[in-house]
Amino acid sequence: MVDQELKDWQATWQSAAATAKAVPPFDIRHHAARAGRRLTVRYAAGCLWAVALLLFSAVYAEQHPTLQWLLWAAAVWIATLVAVAFMIWNGRGLWTAAGQSNAAYVELSRKRCLAELRMIRFGYGLLWTELAVVIPWLLWNFYSKWRSPGFDPASHLTGFGVLLGLTVGYLVWFTIYRRRKLRELDLLADFQRSVNEDYIDDIA
Amino acid sequence: MIARQREELVRRYESLLAAYQPALARMAASYEWAPHKREDLLQEILLAIWKALPKFRGDCSERTFMFRIAQNRCLTHIWQRGRDAQTADEPPDLPDPHSNPEAQVIALREQNRLQDAIRTLPIAYRQVLTLTLEDLSQAEIAAVLGITENNAAVRSNRARNALRKLLGGPR
Numbered sequence: 001m002v003d004q005e006l007k008d009w010q011a012t013w014q015s016a017a018a019t020a021k022a023v024p025p026f027d028i029r030h031h032a033a034r035a036g037r038r039l040t041v042r043y044a045a046g047c048l049w050a051v052a053l054l055l056f057s058a059v060y061a062e063q064h065p066t067l068q069w070l071l072w073a074a075a076v077w078i079a080t081l082v083a084v085a086f087m088i089w090n091g092r093g094l095w096t097a098a099g100q101s102n103a104a105y106v107e108l109s110r111k112r113c114l115a116e117l118r119m120i121r122f123g124y125g126l127l128w129t130e131l132a133v134v135i136p137w138l139l140w141n142f143y144s145k146w147r148s149p150g151f152d153p154a155s156h157l158t159g160f161g162v163l164l165g166l167t168v169g170y171l172v173w174f175t176i177y178r179r180r181k182l183r184e185l186d187l188l189a190d191f192q193r194s195v196n197e198d199y200i201d202d203i204a
Numbered sequence: 001m002i003a004r005q006r007e008e009l010v011r012r013y014e015s016l017l018a019a020y021q022p023a024l025a026r027m028a029a030s031y032e033w034a035p036h037k038r039e040d041l042l043q044e045i046l047l048a049i050w051k052a053l054p055k056f057r058g059d060c061s062e063r064t065f066m067f068r069i070a071q072n073r074c075l076t077h078i079w080q081r082g083r084d085a086q087t088a089d090e091p092p093d094l095p096d097p098h099s100n101p102e103a104q105v106i107a108l109r110e111q112n113r114l115q116d117a118i119r120t121l122p123i124a125y126r127q128v129l130t131l132t133l134e135d136l137s138q139a140e141i142a143a144v145l146g147i148t149e150n151n152a153a154v155r156s157n158r159a160r161n162a163l164r165k166l167l168g169g170p171r
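Taken in sequence, the protein lines are chains A and B. Residue numbering for the first sequence follows my numbering, beginning at 1 and increasing consecutively. Residue numbering for the second sequence follows my numbering, beginning at 1 and increasing consecutively.
Please note: incorrect hints may appear among the correct ones.
SDA-like cross-link-like pairs, simulated, lysine to any residue; straight-line CA separation at most 20 Å [what the hints assert, rightly or not]:
#1 Lys55(B) / Glu8(B)
#2 Lys51(B) / His30(A)
#3 Lys55(B) / Leu9(B)
#4 Lys51(B) / His31(A)
#5 Lys37(B) / Ala104(A)
#6 Lys7(A) / Arg113(B)
Simulated from the structure, these hints should not be mistaken for laboratory data. As the structure is a computational prediction, the values presented were derived from the model and not from experiment.
Excised from the complex, chain B in its bound form (with noise of 0.2 Å):
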């Protein structure tokens, strides 16, 4: 009985892995500058979850419980780091969108300069942000950041223009 129930959960967590992971591992670079640190928050991302899963009882979406679980261990992680992320390690200068056109064009370097810029904005607009970016409604970002919908709303806006601003306004 005690086995049967570990192979349903260890399908359910499989299951959240293949459809989340990808989105948690960029959250947890979104909260951290060291590769090799990013990988610590992202297992401990993972085993938070591993651990909260049993007492999931659907109250919410599957999407809202794992981004809840990992926000909150990425804030966990800074508050243990004893630092805000933003002056974590050496944050690289972001690069200047007008000064070298032909590279902007590149994919990748698209993706570092976008996660660069979020590594460096308050964590409040990170948060919400980040979840904007995965495709949450306000609603959602709200229920997982525990705060109005028109709070989020308004943070939602406010680090848009950040991000905007540090990409070098609009395109």
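Looking at chain A on its own, in the form it has when it is part of the complex (with noise of 0.2 Å):
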């Protein structure tokens, strides 16, 4: 009676969820956390880099009080004013997650990718005005220096290579880590998908 009672039970109970499907190992609190502590990072980082560029340009504009370097130093801190604003813009809700469940989890990696193709978007932005000011001010200078005396054409070029190479840095950066970051948002969306679906409600 009491083995036949159990019997009954047991089939009861593995009847359920028999229809379960796999769900790919994926630690979405991990993997938030890790990129939590790059974020904060990425942003103490560029706060430093920012300050460090408008102290450097505020000393070089008062060491060379020329109204060419005074401009430049000028663009430097609208640039670098502008992309900080940029960056504390873009950064708002992407610290904490709004709830304890892997569905709070996914939606925050989702909005920090999607807050860092943003990032990207501005950088070629920024790169691309960057380059508007910057090539006519090199060449407006190569040629006013053309034909002086004291004319040193090693130093020129080194100007245009050292901005070609940054230019070309930037946009192989930029597009390695914008893929990254649209593969990130496909594995974010496997993921919740596999969690949303009903696999475990038939259970309940």
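With the hints as a guide, bring the two chains together.
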């Protein structure tokens, strides 16, 4: 009698969740915590870099108080302050999850990915703007000294080389980083789909 | 070499899931009333298994290994929640087994009734009973829970009595 009772319970119990689906092993909380640490480091580094740029341009303009360097310092200040303002605006809502569920962590990670993609788009914009200012300035500088007796072509070519190197470096980095973030978004979407499926509701 | 090891690990993980995921989902359901939290708990169990799998050296059966991790994860889940699962959320009222005899023949209702009853049991009983219902032997239950076989048998007996009472006596 009792064994039959246990068998009945076992049959009832085991008939539930027969349609359970595989879930990919993905530690969303660990992923979110790690991304949070990286975000903090990136924001701290961004702030330090901004302070360094502002100080350096101010000191340099003070030591070389010509119109050219004053304009350059003003351009650096404007670009830096705009970038910091964008960074702060872009970072809203990226620091803590709205809840403790996996869904909340997935949403936080998704928001962070979208914010980083926005940051990359902003980076492209800032890069093209800076090039639009710096290239004419370097060319003007080059031609204005072309016929002067102390003309040093090596230093000008170095300037162009550094500009080209930095531009290519930024473009490669933006492309790689953008692809990585898009892949991460796909992974998060897969994970979200897998946890949203009602594979366990069947047994509720 | 590392890629091959990972492939092997993924294969083992998938074969374990194919065999045991329904049982793990049932176990998660016996510790959580809210469906979305059950999903989270199941995810945590699967993740814990994934992390522990490389260290599994076969010193117990795969089944014991899986259920031991799942039980530990469920207990951690309850401790993290900061309250006993018995009082968690809003436990639904158990239907009176004598008031609607026709409904009891519907399998789904039976499942729900059994699940709901198990969720209201004390944790020690729930642990041993969910493993019994998964057809584990007393020796396996003892190995999963880290208790003696004798203790497992006593708990199992008491758990069954408690469940019988909740379900309305012997049918």
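Under the criterion that the straight-line Cα-Cα distance not exceed 20 Å, is the pair lysine 55(B), glutamate 8(B) satisfied?
holds, 13 Å
Does the alpha-carbon distance linking lysine 51(B) and histidine 31(A) stay inside the 20 Å limit?
holds, 14 Å
For lysine 55(B) and leucine 9(B), compute the direct alpha-carbon distance and say whether it is at most 20 Å.
holds, 11 Å
For the pair supplied as a hint, lysine 51(B) and histidine 30(A), confirm whether the alpha-carbon distance does not exceed 20 Å.
The given pair, whose Cα atoms are some 12 Å apart, holds under the 20 Å limit.
Does lysine 37(B) pair with alanine 104(A) here, judged by a C-alpha cut-off of 20 Å?
Given pair lysine 37(B), alanine 104(A) holds - Cα atoms ~12 Å apart, limit 20 Å.
Holds or violated: lysine 7(A) and arginine 113(B), Cα atoms, limit 20 Å.
Status holds; Cα separation ~16 Å.
Consistency with the previously given hints is maintained throughout, with no hint failing.
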